[in-house]
Amino acid sequence: MSSSPDFLHGLRTSPTRRTLLAAGLGVALAPSLRAAPARTLTVAAFPLVDQILRDAAPSWARRHPDVALDVVTRQYDDHHTAMTTALSTSVYLPDVMALESSFVGKFSLGGGLSDLLQPRYDIGRYRDRYVAYAYDQAVNRRGQVVAAPTDIGPGTLLYRKDMLERAGLAEADLQPSWDAYVDAGMKIRKATGANLIGNVKTLKDLMIRSGLEKGQGIYFDSDSNVLVDTPRFHRAFEIALRVRRNRLDGHLDTWSNEWAEAFRRGQTATELGGSWMVGQLANWVAPTTAGLWRAAQLPESSWVSYGGTYYAIPRDSDPANKALAWELIEMMTLDPARQLAALKTQDAFPALLAAQDDPFIGEPQAFLGGQRARLVWREAARRIAATAVHKQSNFAEDAVNAELDYVLDDGKDIRQALADAASLLELRAKR
Amino acid sequence: MRLPAFLRLSPRWAPYVFISPFLLLFAVFSLFPLCFSLYLAFQSWEPTGGLRAMEFVGMSNFTFAIKDGWFWMSLRNTLWLALASGVPQHLVAIPLAAFIHTSFMRLRDGVMAIYFLPYITSTVAIAIMFRSLFSQDYGMINAALAGLFGMAHTDWLTNAQHIKPAIAFIVFWRYVGFNTVLYLAAMQTIPGDLYEAATLDGASRWKQFLHITLPSIKPMIFFGVTLSVIGGLQLFEEPFILTGGKGGPQQAAMTSAVYLFREAFDFNDFGGASAMSWLLFVVVALLTWITNLAFRPRKGRA
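Going down the list, the sequences are from chains X and V. Each residue of the first sequence is one higher than the last, beginning at 1 in my numbering. Each residue of the second sequence is one higher than the last, beginning at 1 in my numbering.
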């Protein structure tokens, strides 16, 4: 990370010994810095979000020619680890940080992010402009709003239309229930040899997120009671086991090379995920399958949120830049033009309702064979309820995944598996 | 040219100035983290809240760690991997060193360099390379097994039963050359006349190995095994990279070191992770002590 922003700040404030030193350093470095704008606004982001920000740089430059936008990119996991470290030490904090939705929940509990309800930001006045669940998702237990939503991931079912047709099936055959979805998978397997899904964990992940009431957590309720040993999880495990017993899943790690290759070779007939999955498939996973895919609502009318991106302002970031930081967030999340640009270039589904009402939402999508799929996702987005995030959610996800492995690979009894997961979580629930 | 007086280092201060780079680096990168983790072990800390979010909680991180099923599971995984990768390392390295010692004269250095190569290669490069070698459908290992023995493709990295042997193999492959170098160095110090005398007495090569070579390299075995015990119990990079930092199926590849990292950075519990790291330290110290009991040279014997 460049240290020049701090040093340039020093020049603008009253002279202290440090600024004099900095000025001396400035003389030494002057030739290399002469052309730089007077200030820099630092934004930390991960791939695709960084591109959206860079695309916005010209509009930002028109508003603030004197403030350079410095987008710092790290890979997804590295970014969130770096943000955890930066927040914990309050050193090298960016002015704005992009956060994936699960990390918003995780970070919201610590108090390291600014409360955007404060009068200087007053995000509350914009509440009705955002997709309701996306806004609610950023409200922590103290009622503070710690981040502003920029894109969302309404859960969707993607399927290969050509394979369904070969199996004599139609979209409606996948949708009535999760069991119907698995039944269809057996027919697809018989007709085409393809797997129903690459990784059965994804199926479980979508199922445990469906049917949640507003404010309820996936793994814990608001009093930190463990919700893992409940019918919602039993059902998800049973369906997953049914898929595995009928050998309908590819046994592949999501995002692994094998997982992607299976899409390219037409060995995977459906995929569940956020609407952003279409962009991933189209851009790098399986561009050659363009036109063969369609998007539908999830089976059993499940309304599920699966991923999304937020912008947050660290509590301890440079106070002089906070107003600018908020202005950037307003521009990125509340300007329909910017939200639509992100949708057009990066398939980031807008969290801004005004952008969802733009005619572009109804445009046909080439990768989906001309389907107007964004209308499908818009409907889903308006029905999804916000879920509460517990600080042990990440651990809970891994504990449940490990128990699902035991069930699928070793034939462990589902009741026992979920009871074991629950007892692991109970030990941590109130830590 | 003489330096002006104020730039000259007085002999009184010179030793301190020359040793200070090490001491500074040691203080910053070893001593401070050590003390800080001991301090953290008694705190509850939501790290994203900043340093002021710490709260003293007494021994509760330790009681949590001892009750935590995954802490024990990670220890079992670690011990399994340490044994499965460590024991073969020495069982192969000792005979291999003896073979190289007696059979290669001029080529010895070249042969050793080849065995030593994996040790100096970046762990990340190794793990990434093996990740593609172990690939289920497109990996060379499965292709070779299918070609040679007609075996069905094995899901090395996505099955709990297969991922541990896969990791143990990588660790074995990586360190066997290092141990061979250790043993070879020890063998080169054994006086040649011992072997000559034994040959005159009619001792076979096997008897010579058993009664001259092995006892003579015992101090080195102690050293090598101690390094393997400590290294094995701290195993981190190979399982971390092979599983994408997630522990693998059924968390079967989650060693204690991986769990510590995840407890802190994935699960945001720095206090619990620090307590676990000190418990792991106790385990490592204990096992090193046991190794010491088993291998150290006893008084009155060579």
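Think of the hints as simulated: they come from the structure by calculation, not from any bench. Treat each hint with caution, since some may be false.
[Claimed, not checked] A few chain V positions that, by computed beta-carbon distances, are all more than 10 Å from chain X: (1) Leu51; (2) Phe64; (3) Pro219; (4) Asn268; (5) Phe270.
[What the hints assert, rightly or not] Mimicking EDC-like on lysine to aspartate or glutamate, the simulated pairs with C-alpha atoms at most 16 Å apart in a straight line are: (6) Lys430(X) to Glu237(V); (7) Lys246(V) to Asp420(X); (8) Lys161(X) to Asp179(X); (9) Lys201(X) to Asp398(X); (10) Lys67(V) to Asp70(X); (11) Lys164(V) to Asp68(V); (12) Lys344(X) to Glu330(X); (13) Lys67(V) to Glu55(V); (14) Lys246(V) to Asp229(X); (15) Lys187(X) to Asp173(X); (16) Lys430(X) to Glu196(V); (17) Lys190(X) to Asp229(X); (18) Lys67(V) to Glu397(X); (19) Lys201(X) to Glu397(X); (20) Lys344(X) to Asp50(X); (21) Lys246(V) to Asp78(X); (22) Lys246(V) to Glu171(X); (23) Lys322(X) to Asp77(X); (24) Lys201(X) to Asp70(X); (25) Lys412(X) to Asp253(X); (26) Lys344(X) to Asp55(X); (27) Lys246(V) to Asp50(X); (28) Lys412(X) to Glu426(X); (29) Lys187(X) to Glu213(X).
Cβ coordinates follow ideal geometry from the N, Cα and C atoms, glycine included.
(request) Would you mind confirming whether the straight-line C-alpha gap from Lys190(X) to Asp229(X) stays at or under 16 Å? (result) violated, 35 Å
(message) Does Asp253(X) sit within 16 Å of Lys412(X), going by the straight-line distance between their CA atoms?
(response) Not OK: Lys412(X) and Asp253(X) at ~21 Å, beyond 16 Å, violated.
(message) Just to be careful, I want the Cα atoms of Lys187(X) and Asp173(X) compared with a cutoff of 16 Å; is the pair within it?
(response) Roughly 11 Å separates the two Cα atoms, so the pair holds.
(request) Measuring Cβ to Cβ, find out whether Phe270(V) lies farther than 10 Å from everything in chain X. (result) Label violated. Min Cβ-Cβ 8 Å, cutoff 10 Å.
(request) For the pair supplied as a hint, Lys187(X) and Glu213(X), confirm whether the alpha-carbon distance does not exceed 16 Å. (result) Measuring from Cα to Cα gives roughly 34 Å; hence the hint is violated.
(message) What's the verdict on Lys246(V) and Asp78(X), does the C-alpha distance respect the 16 Å limit or exceed it?
(response) holds, 14 Å
(message) Next pair to validate is Lys430(X) with Glu237(V); report whether the Cα-Cα distance is within 16 Å.
(response) Answer violated: Lys430(X) to Glu237(V) is near 31 Å, above 16 Å.
(request) With a cut-off of 16 Å on the C-alpha distance, tell me whether Lys67(V) and Asp70(X) pass. (result) Outside the cut-off at roughly 46 Å; violated.
(message) Check the hint pairing Lys322(X) with Asp77(X) against an upper bound of 16 Å on the C-alpha distance.
(response) Violated - the C-alpha atoms of Asp77(X) and Lys322(X) are around 26 Å apart, more than 16 Å.
(message) Checking one constraint from the list: CA of Lys246(V) to CA of Asp420(X), max 16 Å. Satisfied?
(response) This hinted pair is violated, its Cα atoms lying about 20 Å apart.
(message) For a C-alpha distance cap of 16 Å, please report whether Lys67(V) and Glu55(V) respect it.
(response) violated, 21 Å
(request) Could you check that no beta carbon of chain X comes within 10 Å of the beta carbon of Pro219(V)? (result) Label holds. Min Cβ-Cβ 42 Å, cutoff 10 Å.
Violation of the numbered hints given earlier is confined to hints 1, 2, 4, 5, 6, 7, 8, 10, 11, 12, 13, 14, 16, 17, 18, 22, 23, 24, 25, 27, 28, 29; the remaining hints are satisfied by the structure.
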